[in-house]
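For the record, the sequence lines run as chains C, R, X, P and S. FYI, in my numbering the residues of the first sequence are 1 to 321. FYI, in my numbering the residues of the second sequence are 322 to 593. FYI, in my numbering the residues of the third sequence are 594 to 846. FYI, in my numbering the residues of the fourth sequence are 847 to 1168. FYI, in my numbering the residues of the fifth sequence are 1169 to 1687.
Keep in mind that a hint or two might mislead.
[Unchecked claim] Facing chain S, from chain R, some residues (calculated, C-beta under 7 Å):
(1) I357
(2) L376
(3) G377
(4) G418
(5) A456
(6) L530
(7) G531
(8) Q535
(9) P536
(10) I553
(11) P586
[Claimed, not checked] Okay, derived cross-link-like pairs now, SDA-like style, lysine to any residue, Cα gap no bigger than 25 Å in a straight line:
(12) K669(X) with Q479(R)
(13) K1427(S) with L996(P)
(14) K1684(S) with L960(P)
(15) K1345(S) with P934(P)
(16) K1345(S) with L899(P)
(17) K896(P) with K1287(S)
(18) K840(X) with E176(C)
(19) K818(X) with S119(C)
(20) K1564(S) with G894(P)
(21) K1293(S) with L959(P)
(22) K1568(S) with L905(P)
(23) K1448(S) with T892(P)
(24) K896(P) with E1558(S)
(25) K1293(S) with F890(P)
(26) K1345(S) with R932(P)
(27) K896(P) with A445(R)
(28) K1287(S) with L899(P)
(29) K1564(S) with R902(P)
By construction, these hints were calculated from the structure, which means they are not laboratory data. All C-beta atoms in this analysis are idealised placements derived from N, C-alpha and C, irrespective of residue type, glycine included.
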Amino acid sequence: MSLLSVRNLVIDYARTRALDGADLEVTQGETVGLVGESGSGKSTLGSAAGRLLPQSARRGEGEVLVAGEPVFELPATRLRHLRRRHLGFVFQDPIASLDPTMRVGAQLGLVLGRGGDVSFHLGRVRLDDPRVVRSYPHQLSGGMAQRVAIAMAMATAPDLLIADEPTAALDSQVREEVSNMVFSLAAEAGTSILWLSHDLPAVARRCDRVAVMYGGRVVESGPARQVLGNPAHPYTAALAGSAPAAAAHGVRLEPVPGRPPVLTGPAEGCAFAPRCPFAEERCEHERPAPVRIREQDVLCHRAADLEGTLAQRRSAPEVSA
Amino acid sequence: MRKLDRLSIGGLACLLILVLFALGSLFGIGGDPDAIVGPRLQPPGPGWWLGTDNLGRSVLPRVMEGVGTTLLLSSIAVLVTAALSATFGIVAGYRGGYLNELVMRLVEVLYSFPAIVLAILVAAVLGPGQFAALASIVLVTIPLMTRLVRAAAVAVAQRDYVTSAVISGARLPRVLGRHVLPNVAGTIAVQGTYALSVGIAVEGGLSFLGFGVQPPQASLGVLIQQGGTYMIAAPWLILGPGVVLVVAILAINVVGDGLRDRLEPRETRSLT
Amino acid sequence: MILELDDVTVTFTAGAPLRRVHLDAMKHVSLEVAEGETLGLVGESGSGKTTTSRVALGLQRPTTGTVRFDGRPFPKRRRELAGRMQAVLQHPHWSLNPRMRVGQSVAEPLDVLGRPMDGRADGRAGGAVGEMLEQVGLEAGFADRYPHELSGGQRQRVSIARALVTRPAFIVFDEAVSALDVSVQVQILNLIKDLQAEYGFSALFISHDLGAVRYVADRIAVMRKGEIVETADTATFYTHPSHEYSKQLLEAL
Amino acid sequence: MRLLMWWSGRALSSAATLLGVSVLIFAAVRLMPGGFAETVLGPFATAGQKADLAARYGLDQPVFMQYGHWLTAVTGGDFGVSMISRQPVGAELVARLPVTAELTVLAVAASVLLGVPLGVLTAVRARPGGGGAAGRLLSGLGVSVPEFVLGSLVVFVFSRYALGLEVGSWVPLTRDPAGNLTTMILPAAVLSVFSISVTARTTRDAVMGVLVEPYVTAAVGRGESPWFIVRHHILRNAATPVVTLLGATTAYLLGGALIVEHVFNLPGVGSYIVQAVGRRDYAVVQAGVLLAAGVFIVMNVLIDLLVGALDPRMGVMAGRRS
Amino acid sequence: ATGTATSPTAAQESAAPGYLAVADQALPTGGALNLQVHIDSGAATGYDPQLADVATTWQLLSLSYETLVTVGPDFSVQPLLAEKWDTPDPKTYVFHLRKGVKFANGREMTADDVVGSLKRLLASKGVWRGQLGPVKSVTKDGDDQVKVTLSEPYTPFLTALANVPAAILPMKEIDDKSVDPATTLLGTGPYVVQDHRQDVSWTFKRNDKYWNQGKPNADTVNITIAPEEAARIAALQNGGAALATLGNVDSSTMLAGAKDVQVVTQATTDFYYLMLNSLKPGSKLADPKVRQAIAIALDDQQIADVALGGKGKPTAITPAGLPGACDPAALPSAGKSLDDAKALLAEAGAQNLSFTLSIFSTEPAPAVAQVVQQNLQQAGITVKIEQMDEASWSGKVYGKAPADFDAALSWFAGYADPGMVTKWWNPETAGFNVGFMKPDKDLNTLIDAAGKEPAGAARDKALTDVCAKADADAQMIPLVTRPATVAFRTDALSPSLYAAEGYGNVLRLVADARVKKTQ
Ligand SMILES: Nc1ncnc2c1ncn2[C@@H]1O[C@H](COP(=O)(O)OP(=O)(O)OP(=O)(O)O)[C@@H](O)[C@H]1O
Ligand SMILES: Nc1ncnc2c1ncn2[C@@H]1O[C@H](COP(=O)(O)OP(=O)(O)OP(=O)(O)O)[C@@H](O)[C@H]1O
Ligand SMILES: [Mg+2]
Ligand SMILES: [Mg+2]
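This is chain C alone, in the form it adopts within the complex (with noise of 0.2 Å):
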């Protein structure tokens, strides 16, 4: 059953396009990792789930289902609590999403309710210091103040974690063991996870499926290693190509070339056409429609055409390793 289905999901903000027809499921027990271009739209597709945008943010079209029910319809308590039953978030800003006023100890515990064991939650994310406790948000690192933000995401059980870069403060090792201590866990009580990251390598490894975002679509979506060790989209494959990890000292990496666009409206075609090297005429006119290619859903024109070509372009065979 589909816990988070999100379908031609158009949101404008005053003056930017941010998601332009994103589409996305997200079944029970079900890990998800959603990559793409900086600003292509996954925070806001991450906020939407929960209906937590902006109020400039504007919905033009689609729908977003949690659990069956259409989130964006739903009257204010009905949407508490399916917040409360179903949805936990990590924000992109982990220190900023804590009360500054309030020691971290008694935040936890507030999640928690009477009775909950703050010192446990916090050493599930390895927290064990018993200072954390008592600090307050501006006294903790970057890192530490990530882990207390998974942690009370974490600490309500919900059926569906959306963890915005939960990871990206923190050192190899620790994002290690807070990453197969969420995931973990969320295996254990069947919680769907999605995982928006910019961590190719740790998406592939632990997520069962993967989504690419371009230009505030969904333009490919799979089991992850397909999709990112096989990618049918060139946005993916030059994405794939690109990690810095990849590359031995002293060799130079190309990013891929050009700028993301900045949507005002809908695109015309194909957002990726002025980057892609496979660019076609229709690309730039022609909005495509989503196509299966192997395991993957693909938002491209030529995913048929290009079947085989995109794997070995690869230049970074160690995505999977």
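Keeping the supplied structure of chain C fixed, place chains R, X, P and S with the ligands upon it in accordance with the hints.
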């Protein structure tokens, strides 16, 4: 930056009308505010559209004159207060340490003097009149604003963008002016409109004591003080200036809030 | 040496008044950054990297030990260092003035130096600011926006643009690329490298991403629990780490 | 340790403030136009009478000597004698303090209980379209009605028509708490209208500032109810300016109390000081102002402590910028 | 001279001539009387009646102290502690003391107390000493007679004795220092003080040893000090006070609809006057022509009608309403026109005269000042009003000599004899105005002459001369009388009130008042 909301625009329009109203009195529209034109305490009627006061003067030109006096006096006073409080509050809040202590103690000293004592002293030094009233309003309103601005500045001073500016080598005036001030401007706007109300009240009180605007010049404070004593016997005496005052302060407050919201580019979030 | 930290210790106190805890965020740290060099600073979360950078920037006075910038202790008046150093601070959310447009924020270091900006005076699109924005992968049109209208990565890039715009002699990057997708990361890292080649500035590059550090850093220092446990050339470090902890770190890569 | 230092520093600076106030007020009353002699003895007084009076209250000595005597007496708890009533000022202040204190406490309580919720409501309901307008108008209305006018109106209406609440009489709290309350509610209400509005507007400003913060979004995302978020996150974070304001308003209320005390004829400190100023009753003015200063200093220390407790980034321990 | 009462009621109409109200003797005695007045006695000299110089203090002290003689309705002198008196010659007064008069401590009043009191007053620095006139000696004439000898005839003598400063004090106790009159009220009057909180309240209890059997009627008099008019009006409306003094001339309209409240206006001899400082160096006001021009330009009737709501009356320096006072309409300045004023100004070279008028802010002074300003504007004189609190005002006007104000506005208590207040036109006697007033020898001679003249046509003529001379001198220009407004609850109280008062004492007949019900 967002546009002013409809309520604030309404407030702005009201203020504009009041200013026109006051300007009208400069050109003698409405009549001579000091001339005795009819019997005392007459209800509104032809010749005195807002009635006559206890000396038989027409209330209308007096209200028009009063609006001008009061708006001018209080807004100058509030501007002075805002400028001084902003400077002291921001510097004290940002710098901390001894400077902070010094400013806060000074403010405390000012606070300890009841407004009336301050007013009498100021009037003693400057001689009674508008200038004394102005100085008194400033002295009465400065402490609160300074404290609040300081509190806001302390919070802002710890933000990373201030740190970034400092790293860039920005001079103090720049850090304070470009980073701290805009982020405490909301507080100043809100407290400024509040100070304006206090100012008008203080002005009225001072005139009542005899230290403010000197008779026969009219100010809203004076008119309302007088109207207050005749509230039941001659309600039109308070009605005219009262309505104008309420409209003025309401408008100022609403505009102040609007301004505050406008100064905040971020969107507030609804709690649902 | 543009920056020298000599036996620096920083102690914080925290906790409730009566149960005060003292914490050494830095313990006897000695570090040097040479002209034109990028020093990578890695280490576990909470190990004191940010604190080190604050000390290096003169924002945090060491409890003990000395800091020298340009061979001299920090001057009383920061103004003397104007244009010499810049930083990309760790929290993009707080590092931009919410009431300043992106263009104004990026233009500020130029303003401070009194360098008139070519293009429009309000720092909108055009001139050095627009160019800088484009270099970090943002359209010049972003100059018009307020920080809250940006995505996390966009905000971080604005901070980077602001730090680079004056080509200062020394820059701290504290988790400067952590919120960026790999492609943009590469773009930024390339930019840093290119500018460094052109202007020869020094940098303290703090990151958890050992890949990124390897990509830009000349030398690497490893911190753990407030102490520097290893300093080595990048090549040496990645091939023959000497400290046990360094080995652990690299294993995870 | 630092706390101890803070306290001792604060005590020192408070003492310095009080000393400053004492010097200023002492000089000030003597600078006020219209000397005590003309005022107290009237126009017919002869030079001899004036001299007698001056000698009686030691006013013939050099000013700094007078100050010295006064200061020594004050530190010994002796605030001098009123030149009008010839009664000790200290005793009279103590007798009158309860009235003013009760008025002020009631008004501050009203500001907290009504102003804060109103401010929160108008902020939470504020929409770009201009919602919450009613609340904004309401709080604007409060600041625009002068106490004098409102007080007179209330006094008039409640005295002419039997509406259940007493005006113009005063019953000590200790004698008849219920009766005291029925006589104090109206003056306190009149007094608090202004501060309720100001509190509401300051609260609105502060809450709006908090509503943009991500931790509020985070709390919403956790499915917390608005009330819960307000209670646990917003109030605390918005508290600093409101608490500062409330402390400061106490000062304003003391000034407002004097008008209300006048209109309602309550024997409080405010009217005592005002009458003394009117008659240049030096000892009373000096003692009154010193008392006010003492109150404000204590209030400010409390506020600083409270603010420090509410917001760890501020207050006692945060100290200065590094 | 009768007071005007708004909305006369049955009680009012039946009042005897000279009275605004007469207490209904059919009502039972006893009960508590709650009064409110706007100001407390605030003398630095304490309760000592001899040093009291303001009417508000006289009013309160008169509940406990009594004088040899008193003022009746229409200002007639009537016996009080003296049963009667003889005047063998214009310079000699023999008072026959009432028997059985006791001080509140139970001790019988003796001739020694009377002699001692008067001597003490004459030796004191009080203002009232001057009003007693040229007293040569005070002697005991047997146990129950006291003889006062004047060095020359002095007509207002008895009237002067009728005011509180001439009260009979317990001299035995004062002399043996067991009583300090500054801090203790011990008199022969109807009430004794039980409690006084400065500026808050007084409580008077019936003096059980009072000589006048059956009086006072009320057992208790509670006086609340309520400076704010609104508070007094409120107390009247809700029954908190049975009687209150009101300051605003329009207060009667405020109380118009209030049930059972009656507002009456008591005429007084108090009057407003304008001071023109002729001693300020370089001031145009030093020129009598300029001052006369001002006197001419002033429209007293308008001041009375507008500033005092028609409740005051134009007056010359002998207060209007007193028997024998001169007619203000007959004053030289009253017969002149604005053109005359302008001509005088032109003559003095003061066409564009402009000066500052210093006033205190207590109503209705600002109103009077603004009408004055309007009046003088007609004659081309610009008046700038400078308003301040009373203390600052007194500092400015009386603080130094020569005073540095241009013009000032104030009011006098007019007392009960037309000649008494004329004394203040001699700065050397008055003292308070030496700083701004040049003594006028001719005027002083006229004043003294009028003082000696026994009551009758000759005295009236002498007073008319004084009035005319003072009018021409115009250093202090009398304007209008200042009425007193009193309101009381007809359901709570049946008071006695004179229609006109010379010593500003609204509480004069309190002992007669009957309480209808006690709140
Ligand atoms: N203002 C402060 N008060 C008290 N403790 C602090 C303060 N700032 C930092 N600390 C503590 O100092 C230690 C080092 O913090 P620092 O921010 O330097 O770590 P970091 O290496 O940058 O970590 P991260 O990679 O997670 O950002 C942490 O344990 C932190 O809790
Ligand atoms: N509050 C806002 N107002 C206006 N525009 C916004 C707002 N928030 C985001 N945007 C714009 O919407 C687009 C999508 O933003 P979003 O935050 O969803 O990106 P993202 O994929 O999360 O990027 P990143 O990886 O950098 O966090 C961006 O172009 C951004 O500039
Ligand atoms: Mg994002
Ligand atoms: Mg850090």
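Status of each hint after checking the structure:
Against a cut-off of 7 Å between C-beta atoms, the interface hint on I357(R) holds, since the closest Cβ of chain S lies about 6 Å away. Checking L376(R) against chain S: minimum C-beta separation of about 5 Å stays under 7 Å; hint holds. With a least beta-carbon distance of about 6 Å to chain S, the hint placing G377(R) at the interface is held under the 7 Å criterion. For the restraint placing G418(R) at the interface with chain S, the shortest Cβ-Cβ distance is roughly 42 Å, beyond the 7 Å limit, so the hint is violated.
Because the smallest distance between the Cβ of A456(R) and any Cβ of chain S comes to about 16 Å, over 7 Å, the interface hint for this residue is violated. Using the Cβ-Cβ criterion of 7 Å, the hint placing L530(R) at the interface with chain S is satisfied: the shortest such distance is roughly 6 Å. A distance limit of 7 Å between C-beta atoms decides the matter here; for G531(R) the minimum to chain S is near 3 Å, and the interface restraint holds. At its closest, the beta carbon of Q535(R) sits 6 Å from a beta carbon of chain S; the interface hint therefore holds under the 7 Å criterion.
Taken as an interface hint, P536(R) checks out: its beta carbon lies about 5 Å from the nearest beta carbon of chain S, inside 7 Å. Restraint check, I553(R) versus chain S: the minimum CB separation of about 5 Å is within 7 Å; hint holds. The criterion of a C-beta within 7 Å of any C-beta in chain S is not met by P586(R), whose closest approach is roughly 49 Å, and the hint is violated. A distance of roughly 20 Å separates the Cα atoms of K669(X) and Q479(R); the hinted pair therefore holds under the 25 Å criterion.
Annotation: proposed proximity of K1427(S) to L996(P) holds, straight-line Cα distance about 23 Å (limit 25 Å). Of the supplied pair hints, the one linking K1684(S) and L960(P) is violated, its CA atoms being roughly 45 Å apart against a limit of 25 Å. Of the pairs offered as hints, the one joining K1345(S) and P934(P) holds, with about 23 Å between alpha carbons and a cut-off of 25 Å not exceeded. With a C-alpha separation of about 20 Å, the suggested pair K1345(S) and L899(P) falls inside the 25 Å cut-off, and the hint holds.
At most 25 Å may separate the alpha-carbon atoms for a hinted pair to count; K896(P) and K1287(S) meet this at roughly 23 Å. At most 25 Å may separate the alpha-carbon atoms for a hinted pair to count; K840(X) and E176(C) meet this at roughly 15 Å. Distance check on the hinted pair: K818(X) and S119(C) sit about 21 Å apart at the alpha-carbon level, within 25 Å; holds. At roughly 20 Å between alpha-carbon atoms, K1564(S) and G894(P) fall within 25 Å of each other, so this suggested pair holds.
Between K1293(S) and L959(P), the direct Cα distance comes to roughly 59 Å. Violation of the 25 Å bound is thereby established for this hinted pair. Between the alpha carbons of K1568(S) and L905(P) the distance comes to roughly 18 Å, so the proposed pair stays at or under 25 Å and holds. Taking the CA atoms of K1448(S) and T892(P), the gap is near 21 Å; set against the 25 Å cutoff, the hint holds. Proximity of K896(P) to E1558(S) is assessed by CA-CA distance (about 18 Å); at most 25 Å being required, the pair is judged to hold.
At roughly 10 Å between alpha-carbon atoms, K1293(S) and F890(P) fall within 25 Å of each other, so this suggested pair holds. At roughly 19 Å between alpha-carbon atoms, K1345(S) and R932(P) fall within 25 Å of each other, so this suggested pair holds. Note on K896(P) and A445(R): the hinted pairing holds, with a Cα-Cα distance of about 22 Å set against a maximum of 25 Å. At most 25 Å may separate the alpha-carbon atoms for a hinted pair to count; K1287(S) and L899(P) meet this at roughly 23 Å.
A distance of roughly 24 Å separates the Cα atoms of K1564(S) and R902(P); the hinted pair therefore holds under the 25 Å criterion.
The structure is inconsistent with the numbered hints 4, 5, 11, 14 and 21, although it conforms to all the rest.
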